[in-house]
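Student: Generate the whole structure from the sequences, applying the supplied hints.
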Amino acid sequence: MKHGAVYEIAWIVLVICGALWTTAAARADSGRVPFAATQPASIQEWEQQRVALRARLWRLLGDMPARFVPQATVLNREERDGYTLEHFSFDNHAGDTVFGYLLIPDGGGKRPAILYHHCHTSHERVGKEEIIRPSETLGGQLPGEVLARAGYVVMCIDAYTFGERRHAGPGGAKENGNQTEESFFKLFLWEGTSLWSMMVRDDLLALEYLLTRPEVDTQRVGSAGFSMGATRTWWAAALDDRICAAVSVGCLTRYQDLIAAGGLRFHSIYFFVPGMLKEGIDMESVVALVAPRPHLTLTGDRDDGSPVSGVRTINRFAQHVYRLYGCEEDFRGIVYPDTGHAFTPQMWHEMLAWFDSKLK
Numbered sequence: 001m002k003h004g005a006v007y008e009i010a011w012i013v014l015v016i017c018g019a020l021w022t023t024a025a026a027r028a029d030s031g032r033v034p035f036a037a038t039q040p041a042s043i044q045e046w047e048q049q050r051v052a053l054r055a056r057l058w059r060l061l062g063d064m065p066a067r068f069v070p071q072a073t074v075l076n077r078e079e080r081d082g083y084t085l086e087h088f089s090f091d092n093h094a095g096d097t098v099f100g101y102l103l104i105p106d107g108g109g110k111r112p113a114i115l116y117h118h119c120h121t122s123h124e125r126v127g128k129e130e131i132i133r134p135s136e137t138l139g140g141q142l143p144g145e146v147l148a149r150a151g152y153v154v155m156c157i158d159a160y161t162f163g164e165r166r167h168a169g170p171g172g173a174k175e176n177g178n179q180t181e182e183s184f185f186k187l188f189l190w191e192g193t194s195l196w197s198m199m200v201r202d203d204l205l206a207l208e209y210l211l212t213r214p215e216v217d218t219q220r221v222g223s224a225g226f227s228m229g230a231t232r233t234w235w236a237a238a239l240d241d242r243i244c245a246a247v248s249v250g251c252l253t254r255y256q257d258l259i260a261a262g263g264l265r266f267h268s269i270y271f272f273v274p275g276m277l278k279e280g281i282d283m284e285s286v287v288a289l290v291a292p293r294p295h296l297t298l299t300g301d302r303d304d305g306s307p308v309s310g311v312r313t314i315n316r317f318a319q320h321v322y323r324l325y326g327c328e329e330d331f332r333g334i335v336y337p338d339t340g341h342a343f344t345p346q347m348w349h350e351m352l353a354w355f356d357s358k359l360k
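For what it's worth, our numbering labels the leading residue of the sequence shown as 1, then goes sequentially.
One or more hints might be untrue.
[Unchecked claim] Restricting the straight-line Cα-Cα distance to at most 25 Å, the calculated cross-link-like pairs of lysine to any residue (SDA-like) are:
(1) K186 with K278
(2) K110 with D217
(3) K278 with G192
(4) K186 with T212
(5) K186 with A66
(6) K186 with C327
(7) K174 with A66
(8) K360 with Q319
(9) K174 with G95
(10) K358 with K278
(11) K278 with G108
(12) K358 with L239
(13) K358 with R213
(14) K358 with G82
(15) K278 with S309
(16) K358 with G108
(17) K358 with C327
Bear in mind the hints are in silico, worked out from the structure with no lab data behind them.
Tutor: Next comes the structure, spelled out in C-alpha cells:
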C-alpha cells in the first residue's frame, strides 16, 4: 500500500473517531442545556405562572405526609433576663419527634415573630442551640436573646439529623451526624420523597405551631437563617404566604451556575430535590414566589457554594417580579465584595433593620 493511501486511511479514522467523540460528548451533555426563567411581562402573567410553579414544586417534593397543626408539649420553661425560654417538642406524624426553642419577650401582648432556621454544621450538629450560643457575629451575644430583647418572639427547631435528632435516623445510636443524614436521604428516596422535602415539611409544621401561640401577631411573622438556614427560609416562604417577611443570609444558590462552577461538593446531600432541572426550574423561580412579601438576600461574592453569577440572576429576576407588583422596595439583594460564606456583623445589622422596618 502506498504511503499516500495509508495517510488517507489514517485521516479518515481520525475523522470518524472525532465525530464519535463529539457525538458522545453531545449526548453526555444533552441533559444540561442551559435555561433561564422567562421574565413575565405582566402581573397577570406572573400570577398564572406562580400558581402552576408552586403546584409543580409540591409535586417534586414527593409523597409527604399531610400537613397539620402540631400539638406541642412544653418540656421546660426558664425565665431569663428580658424573655422566657421554652423547650418544646411535637410529633411530626412521620415517625419522628421535633424539638425546638421558643423565646418570648417580657411584657405581654402580641408581638412580631421570627421563625429562625439554623445552619448546617457537619460535625457538631448544633441545631437549635445556634440561637442560644454565643455568636462571633454578635461579639459573643446570643442571637435569639438579641432578637427577643428587640421585641420578637423567636422559634427555632432542630432539623432532621441535628441537635436532639442527630441519633434519630434509621440506624439510631449507631449513626451520628453525616451518617444519619445519608441514611435519611436514602430512606426518604425509597419512600417517594426526599430529605430536603421532609426538612421543609417540618419547618412548615413549626410555622403552624408558631401561629397558634397567643404571644404572636400572626400578621407579623418573619423567617430568617444563614447558609442551610437561608435556603430553608426562602423555600418555606415560597410555599406558605403566611410568612410575611424574610431574610436569607448566604446560600443563594442557582443550581446551573453551581454545576458550571464545579461546586456541587460545597453542598451536603440534604440539599437536593429530584427533578428540579428536568422540570426547567431553577432558583430564581422559587425565590420569586416570595413576592410581593418583603425579602432581603445577603450574599458574599466569594461564597463557593453560591457562585455570584447565579446570585445576580436570582436577584435580578426577583427584582423584576417585585417591580410588577409595584413594590420594588420590598426586595433587596445585597452582594458583599470580598466576602465568602459568612454571616458578618454588617449582615446581622441589615437583617435586624429589615425586620424592624417590615414587621414593626
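Student: Identify every previously stated hint that the structure contradicts and give their numbers, smallest first.
Tutor: Per hint list: 4, 6, 7, 10, 11 violated.
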